[in-house]
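Enquirer: For reference, the chains in residue letters:
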Amino acid sequence: MDENSGAERRAYRLTRRRFLAVSSAAAALAACAPAATPGPSGASVAPTATPGPPLKIGMLLPFTKVYAELGNSMQRATKLYLKQKGDALANRPVTVIYEDEANDPVVGAQKTQKFIDSDRVDLMMGIVATPIAYAVRNAIDAAKLIFIETNAGGNALTRTTTDCKPSCKSKYIFRSSFSSYQISYPIGEYFATQKGVKEVFTFVADYGFGNESAADFTSGFTKGGGKITGSLKAPLGSADFLPFVTQLKGQQTKDIYSFFSGTDAINYIKAWTQLGMTASGYKMNGAGFLTEQDVLKEVGDQANGATTSLFWAVTLDNAENKAFVDAYQKEYSLLPDVFAVQAWDGMQAVDLALQAVKGDTSNKDAFIAALENVKFKSPRGDFEFDKETHNPIQDIYIREVKVQSGQAVNTIVGKVARVTDPGK
Amino acid sequence: MTPETAVVQALNGISFGALLFILAAGLSLVFGMMDVVNLAHGAFYMLGAYIALTIVQRTGQFWLALVLAPLLIGALGLVIEPLLLRRLRGRHLDQVLLTIGVSLVIADLIGLTWGREIRSIPFPAGLDHAITIVGGDYPVYRLFVIAFGAALAVVLAVVHRRTRVGALIRAGVDDAPMLAALGVDIDRLFAITFAVGAALAGLAGVIAAPVFGIYPGMDVDYLIYSLVVVVVGGLGTLSGAVAGSALIGPVDTFGKVLFPQFALALIFAVMALVLLMRPTGLLGRIRIAR
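Chains A and B, in that order, are what the protein sequence lines are.
Letter by letter, the first sequence follows residues 96 to 519 in our numbering.
Letter by letter, the second sequence follows residues 206 to 495 in our numbering.
In short, the hints are calculated from the structure, not lab data.
Be careful, since some hints might not be right.
Output of the computed footprint for chain A on chain B, the stretches with three or more beta carbons under 8 Å from beta carbons of chain A [what the hints assert, rightly or not]:
id, region
1, 210 to 217
2, 311 to 322
3, 343 to 352
4, 466 to 477
Listed next, the in silico SDA-like pairs over lysine to any residue satisfying Cα-Cα at most 25 Å (straight line) [stated by the list, open to error]:
id, chain 1, residue 1, chain 2, residue 2
5, A, Lys510, A, Glu483
6, A, Lys392, B, Thr259
7, A, Lys322, B, Thr207
Chain A is faced by these chain B residues, among others (derived, beta-carbon under 10 Å) [what the hints assert, rightly or not]:
id, residue
8, Phe221
9, Leu224
10, His334
11, Gly418
12, Tyr420
13, Met423
14, Asp457
From the three backbone atoms N, C-alpha and C, an ideal C-beta is built for every residue, glycine too.
Could you build the full structure based on these sequences and the hints that come with them?
Expert: As structure tokens, then:
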């Protein structure tokens with residue numbers, strides 16, 4: 096009996112050891128892969144003068160879990176930008192090291208530390224989720240690593256806060272996307288002063304970003320003289336939205352302000368349609384992600400009439416946007432989304448700042464000053480960083496979903512010019 | 206909450222519970238028969254939704270997807286059981302670990318095949334409108350989910366209690382080695398049970414796809430729900446899955462609208478409470494360790 100189980104254990108250990116050998120070989124292979132991918136395209140392009148030292152960019156994006164497609168989109172924009180520039184910025188050949196943050200602050204912190212300690216990158220970009228940006232803020236600040244945030248919109252990342260809770264601005268951190276204030280406060284003020292809306296009911300995702308959006312909308316709307324009649328929150332990742340929309344229908348205020356994105360937005364809009372909310376006179380409004388392309392292509396005309404605010408729309412009529420959308424479509428046969436624009440502008444800002452310092456990133460203060468001074472025409476319109484906060488100063492567009500030749504698109508119906516984050 | 210709203214919310218809760226039942230029935234069946242908590246159940250559910258996506262995109266036929274997707278996933282289960290699980294029979298923890306591996310592989314293959322975008326399919330024609338209930342519109346599809354869940358429960362109960370296969374499964378749950386000794390091909394029975402469990406997960410995926418969307422990570426979200434349901438209801442019994450989903454569906458729905466701050470913890474609090482009072486779950490049986 097005893098002998099038997101010993102033999103079994105021995106066999107078991109052997110298989111486990113074999114398993115370890117195989118898995119570590121696989122891990123070694125996987126570790127080689129990222130270094131191998133960016134290589135070949137760089138070799139084919141010959142820069143004019145003798146190229147400067149290589150520039151290493153650490154790009155931390157989600158490639159797995161629920162935000163994977165956002166990471167893919169930003170990676171596509173980054174690759175397209177570099178391709179157009181012959182894989183060199185300010186005469187320095189560029190290597191981008193992509194890492195997966197897996198929508199997990201712990202993983203994000205580990206990968207950031209890897210960028211700092213072992214890759215020794217010249218600058219870092221990326222991060223989709225605000226909790227991850229907050230989690231790595233201190234490490235980046237302590238390492239004096241220049242970081243361009245290309246998505247996470249949590250207000251605190253570019254603000255002065257008491258005791259730096261939950262996060263605070265750093266001279267090394269810039270943001271090429273937006274702060275949640277920017278996509279929530281202006282539409283609140285606009286509703287009260289321009290659209291003549293008297294009462295709004297808020298319904299947002301119950302997590303940091305959704306709550307921030309509701310609070311900023313509320314302060315903009317009430318400052319303009321409007322009244323918030325009530326609020327409802329859905330826990331993040333609530334699959335079933337019918338119970339919430341049932342509650343919305345059970346109250347009298349017709350204008351609803353929402354913050355949802357991705358799957359939540361799709362499920363919300365479908366439940367909205369199923370309960371016949373629009374027919375009963377209710378109006379859907381929200382921060383722009385509620386009706387971005389990823390959502391619209393799945394819900395189509397069900398979002399018809401929804402009014403949202405964002406700093407960009409694929410239909411935005413300017414030369415830079417046309418060129419960007421065309422180039423992106425030509426390369427990937429699909430429409431760019433707002434995340435692609437954010438990464439694109441991050442690359443553009445880095446490119447211009449690098450040119451201003453002639454490719455020299457060794458003097459951090461000079462490079463930061465150069466970034467603070469970049470001004471350019473982005474697909475979203477005029478782009479510059481607020482020198483105080485390092486958050487962009489940008490126009491916010493009020494958009495309404497309309498069905499044009501069978502396709503649901505965001506059309507621009509209004510604009511709030513040069514919105515900057517208050518910084519505290 | 207007005208009485209009308211309360212009625213509608215009760216319907217919402219029951220329809221969510223019905224969906225949870227379809228999902229949890231397969232998990233419970235496999236556990237009862239094979240003593241394996243199949244953690245790949247969520248991945249089968251996800252695969253069902255993605256196969257439905259392709260079928261609906263190609264043919265526009267939701268009903269075809271409802272038949273075909275479970276069959277395909279059942280066939281996959283028929284391959285996985287003899288190929289992988291059978292080798293570890295009797296080593297329950299190793300089998301559970303193996304199912305985690307299977308779920309990771311399936312989820313990643315889905316990502317490679319279908320991409321990692323969020324997707325959705327429309328409600329099937331005929332069930333995409335609303336009817337008037339207690340003075341308001343109510344979506345017909347949700348009523349269909351309730352009816353489907355109830356019908357499935359009846360069918361499973363009849364198969365379980367009145368057919369030869371059901372008798373074999375009940376005997377297998379009680380004492381598999383004895384059943385084998387009586388000359389029943391236990392390998393085949395296990396493979397079929399596992400395949401039926403997987404097919405039920407795929408079926409739930411198809412039913413849920415129009416309502417809850419199709420996205421990376423859906424496997425884990427719903428695996429957790431189905432685990433809560435079978436633990437609350439009682440592991441390994443069909444009536445347990447019915448009781449668990451009938452409790453968890455409405456609790457989750459009312460919890461979300463009445464105490465939103467507490468909503469995620471609520472179903473786990475209920476689970477803890479049930480386990481304190483009845484460690485085997487609402488309708489669970491005491492299992493004799495062998």
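Enquirer: Are the hints correct? Go through all of them and say.
Expert: Outcome of the hint check:
1. A stretch counts as covered by a chain when three or more of its residues have a beta carbon under 8 Å from one of that chain; for the region 210 to 217 of chain B and chain A the count is 4, and the coverage holds.
2. Interface restraint, the region 311 to 322 of chain B with chain A: holds (4 residues with C-beta to C-beta distance below 8 Å; minimum three).
3. As drawn, the region 343 to 352 of chain B meets chain A at 4 residues by the rule of a beta-carbon pair under 8 Å; at three or more, the given contact holds.
4. Counting residues of the region 466 to 477 of chain B whose beta carbon lies closer than 8 Å to any beta carbon of chain A gives 3, which reaches the threshold of three, so the coverage claim holds.
5. The straight-line distance between the Cα atoms of A:Lys510 and A:Glu483 is roughly 24 Å, inside the 25 Å bound, and the hint therefore holds.
6. With a C-alpha separation of about 16 Å, the suggested pairing of A:Lys392 with B:Thr259 holds against the 25 Å cut-off.
7. The suggested pairing of A:Lys322 with B:Thr207 holds, with an alpha-carbon distance near 23 Å, which does not exceed 25 Å.
8. Contact between B:Phe221 and chain A, as hinted, is supported at the beta carbon level, the nearest pair being about 5 Å apart and thus within 10 Å.
9. This hint holds: B:Leu224 has a C-beta 9 Å from the nearest C-beta of chain A, less than the 10 Å allowed.
10. Interface restraint check: B:His334 against chain A, minimum CB-CB distance 9 Å, threshold 10 Å, status holds.
11. Residue-level restraint check for B:Gly418 holds (minimum Cβ-Cβ distance to chain A is 5 Å; threshold 10 Å).
12. At its closest, the beta carbon of B:Tyr420 sits 5 Å from a beta carbon of chain A; the interface hint therefore holds under the 10 Å criterion.
13. For the restraint placing B:Met423 at the interface with chain A, the shortest Cβ-Cβ distance is roughly 8 Å, inside the 10 Å limit, so the hint holds.
14. The interface hint given for B:Asp457 is met, as the beta carbon of that residue sits about 8 Å from the closest beta carbon of chain A, less than 10 Å.
Violation of the numbered hints given earlier is absent; every hint is satisfied by the structure.
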